[in-house]
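Novice: Below, each chain spelled out in residue letters.
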Amino acid sequence: MIRRTLGLVLAAALSSQAQAATEIEWWHAMGGELGEKVNAIADGFNKSQNEYLLKPVFKGNYTETMTAAVAAFRAHQQPHIVQVFEVGTASMMAAEGAVYPTWELMRDAGVTFDPNDYLSAVTGYYSSDDGKMLSMPFNSSTPVLYYNKTALDQVHAEPPKTWEEMGQVGQKLIDAGYKCGFTTGWQSWVQLENFSARHDQPFASNNNGFSGLDTELTFNGAAQVKHIDQLAQWQKSGIFSYGGRRSDSAPTFYSGECAMYMGSSASYAGVKNNAGFAFGVAPLPYWKSLIDTPKNTIIGGATLWTLRGHPQADYKGVAEFFNYLSSPAVQSDWHQFTGYLPITHAAADLTRQQGFYERNPGTDVAIRQMTAGQPSANSKGLRLGNFVQIRDIINEELETVWSGNSSAQEALDRAAERGNKLLRKFERSNG
Amino acid sequence: MSHTTLPVFRQRGLPWLLLLPQLTVTLLFFIWPAGQAVWQSFWMEDAFGLSTEFVGFDNYRQLLTDPAYYRSLWTTLIFSAGVTLLSMGLSLLLAAMADQVVRGARFYRNLLIWPYAVAPAIAGVLWLFLFHPTVGVLAYLLDCLGIDWNHFLRGDQALLLVVIAAAWKQISYNFLFFLAGLQAIPASLHEAAAIDGAGPLRRFYSITFPLLSPTTFFLLVVNLVYAFFDTFGIIHAVTQGGPGDTTTTLVYKVYRDGFIGLDLGGSAAQSVLLMLLVGALTVVQFRFIERKVQY
Numbered sequence: 001m002i003r004r005t006l007g008l009v010l011a012a013a014l015s016s017q018a019q020a021a022t023e024i025e026w027w028h029a030m031g032g033e034l035g036e037k038v039n040a041i042a043d044g045f046n047k048s049q050n051e052y053l054l055k056p057v058f059k060g061n062y063t064e065t066m067t068a069a070v071a072a073f074r075a076h077q078q079p080h081i082v083q084v085f086e087v088g089t090a091s092m093m094a095a096e097g098a099v100y101p102t103w104e105l106m107r108d109a110g111v112t113f114d115p116n117d118y119l120s121a122v123t124g125y126y127s128s129d130d131g132k133m134l135s136m137p138f139n140s141s142t143p144v145l146y147y148n149k150t151a152l153d154q155v156h157a158e159p160p161k162t163w164e165e166m167g168q169v170g171q172k173l174i175d176a177g178y179k180c181g182f183t184t185g186w187q188s189w190v191q192l193e194n195f196s197a198r199h200d201q202p203f204a205s206n207n208n209g210f211s212g213l214d215t216e217l218t219f220n221g222a223a224q225v226k227h228i229d230q231l232a233q234w235q236k237s238g239i240f241s242y243g244g245r246r247s248d249s250a251p252t253f254y255s256g257e258c259a260m261y262m263g264s265s266a267s268y269a270g271v272k273n274n275a276g277f278a279f280g281v282a283p284l285p286y287w288k289s290l291i292d293t294p295k296n297t298i299i300g301g302a303t304l305w306t307l308r309g310h311p312q313a314d315y316k317g318v319a320e321f322f323n324y325l326s327s328p329a330v331q332s333d334w335h336q337f338t339g340y341l342p343i344t345h346a347a348a349d350l351t352r353q354q355g356f357y358e359r360n361p362g363t364d365v366a367i368r369q370m371t372a373g374q375p376s377a378n379s380k381g382l383r384l385g386n387f388v389q390i391r392d393i394i395n396e397e398l399e400t401v402w403s404g405n406s407s408a409q410e411a412l413d414r415a416a417e418r419g420n421k422l423l424r425k426f427e428r429s430n431g
Numbered sequence: 001m002s003h004t005t006l007p008v009f010r011q012r013g014l015p016w017l018l019l020l021p022q023l024t025v026t027l028l029f030f031i032w033p034a035g036q037a038v039w040q041s042f043w044m045e046d047a048f049g050l051s052t053e054f055v056g057f058d059n060y061r062q063l064l065t066d067p068a069y070y071r072s073l074w075t076t077l078i079f080s081a082g083v084t085l086l087s088m089g090l091s092l093l094l095a096a097m098a099d100q101v102v103r104g105a106r107f108y109r110n111l112l113i114w115p116y117a118v119a120p121a122i123a124g125v126l127w128l129f130l131f132h133p134t135v136g137v138l139a140y141l142l143d144c145l146g147i148d149w150n151h152f153l154r155g156d157q158a159l160l161l162v163v164i165a166a167a168w169k170q171i172s173y174n175f176l177f178f179l180a181g182l183q184a185i186p187a188s189l190h191e192a193a194a195i196d197g198a199g200p201l202r203r204f205y206s207i208t209f210p211l212l213s214p215t216t217f218f219l220l221v222v223n224l225v226y227a228f229f230d231t232f233g234i235i236h237a238v239t240q241g242g243p244g245d246t247t248t249t250l251v252y253k254v255y256r257d258g259f260i261g262l263d264l265g266g267s268a269a270q271s272v273l274l275m276l277l278v279g280a281l282t283v284v285q286f287r288f289i290e291r292k293v294q295y
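Sequences listed follow chains Y and P, in order. The letter at position 87 of the first sequence is residue 87 when you use the working numbering, and the numbering goes up by one with no holes. The letter at position 114 of the second sequence is residue 114 when you use the working numbering, and the numbering goes up by one with no holes.
Because the hints were derived from the structure by calculation, they are not lab data. Just so you know, these numbers come straight off a predicted model, no measurement behind them. One or more hints might be untrue.
Under the rule of at most 16 Å between Cα atoms (straight-line distance), these lysine to aspartate or glutamate pairs were calculated in the EDC-like manner [stated by the list, open to error]: (1) Y:Lys-179 / P:Asp-148; (2) Y:Lys-421 / P:Asp-148; (3) Y:Lys-316 / Y:Glu-23.
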């Protein structure tokens, strides 16, 4: 009771302070520990100046947050900033009247801003075709391979660099009595989207959708079919085991059932907390027969989009906040705490100087994998309308492969055909 | 034949006044949103509502040429039939047994009514935990019996699971009505039949079942409507429509396309078709099945 009264008094005190400052609302999808970290960042920003008061609001998962923001925009109740996951990018980009592009925001507010400070592998995903940054990167991750050191040592194997080696290591594990060699989370993201980028294969026409709305899906190409077909064969012998659409299969890695797991680099903390064995992190494998030097992987996660419709003065505050968020201290802290990628070169350097990567071996795999070489048109990212549903379709069709009901070619052809219909629909309603 | 005079209101306004609350609720929460859905189904627009285009029946045309829509329709029919049969069958069995319990009847009855108080999403999560391929107790037992249970991968198992969960949730409701129906049947009929030499099964088919038919018919309508509309929470919690689209019922598809896909026009067209479908189904039930009902 006393605590509640104190809380009320505190809230009243805060709100009276808030009246002096301009309020800026930030809708996000970070629950649990990440949510607390978001609040801490907002607190830090609020303490760093007294003109603006940033209010973070948790709105549920990514889909719910985006839907809420869209509905709010239609009702003219939108927040200043909304966190949108990468698959929502095309929808946000197409909403030209609703979105305030970051480069324009920073220019209008007169806040110093150099796009070159940011990792191009991250910003590429969120930039217009002529390279202008449209949203502010916040939490980006990329898939990596987690492996059970104990299990691999037991069969005298190194973590596989290529898919060819993966087959051999997997077979060794099965021969040694393991039920499952490796499993994957986020199959569309890891085994198709990133697979295509890493092997320099187009996922869709029009530079993966970057240069037009009349995009056609091309992920049913020979390379992808070969890969999915191989996974399906491995699924029969146990070298590969499918365990769900999101990160549902991670527990099979934690329990030691599967010796390797492909998932988001941001799962590092989760793996560390749950794995009761020595584990390591390795880059995502590639087919030696398809490419000599693999390309960079692409990202997942979310960025912050600014929505129009508020007084121009408010946007100065948004720009100031983005500036604060990109500062090396804030970024490197966020990166080290969450396992998300640092979005600026300075933050990565600071983290390295602090000796974080040495203390936590494997945490730098993601950033090295993302920044190796120049991104090609096929590894810059993906920009597809209705991508949320297209991913669902890919999930559905891949599941028919894992259950043995269709061949890789049939499933991917069907997925592309169904996905193309959604792209046409998007083209029509946004053209 | 005696003449009965119907009570008549003196003022013309009073009946309308008395009807007003109900009319307002209907208008506000049914007619208005339904009208909006019809209106919206003729438009195609982007998520933010920045550009809208009148497309006539295009949304409908797209739906009716989409194989996924027919798959979803088929799933819904199987799902609804499964839920209705399973939950009504079990409740009738339980009600018939509870009707004969003399000692502790109230205790049993309360236990059977209990699941009705559980929210759909929670019911879904309960069943999900029981059958979870990696941590579920029942999945483990099935595994011991040599049945490989993985409803994340196998569509038939996923559909079975949501049918069980949805039916379980509805058993209490059906049970209550069946029990009340059974208790309304005069014991003298059973006694007379017993004296004539009819066994318990014969008595059930010749006496109980026909006399229960109004209740059964009512429950049939209610259960079908429940399976069509009110099972969203369970499906969302247990399978989210997957694996593949094997548990994507029509209602779930409306949600998925409208709220996740932000395709409001297409989603509205689906709602309208769903509304027509359930309307037609109810008319059919009243026209053809009700004739066989003995009141």
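Novice: Against each hint, give a clear statement of whether it holds in the structure.
Specialist: Here is what the structure says about each hint:
no.	hint	result
1	Y:Lys-179 / P:Asp-148	holds, 14 Å
2	Y:Lys-421 / P:Asp-148	violated, 36 Å
3	Y:Lys-316 / Y:Glu-23	holds, 12 Å
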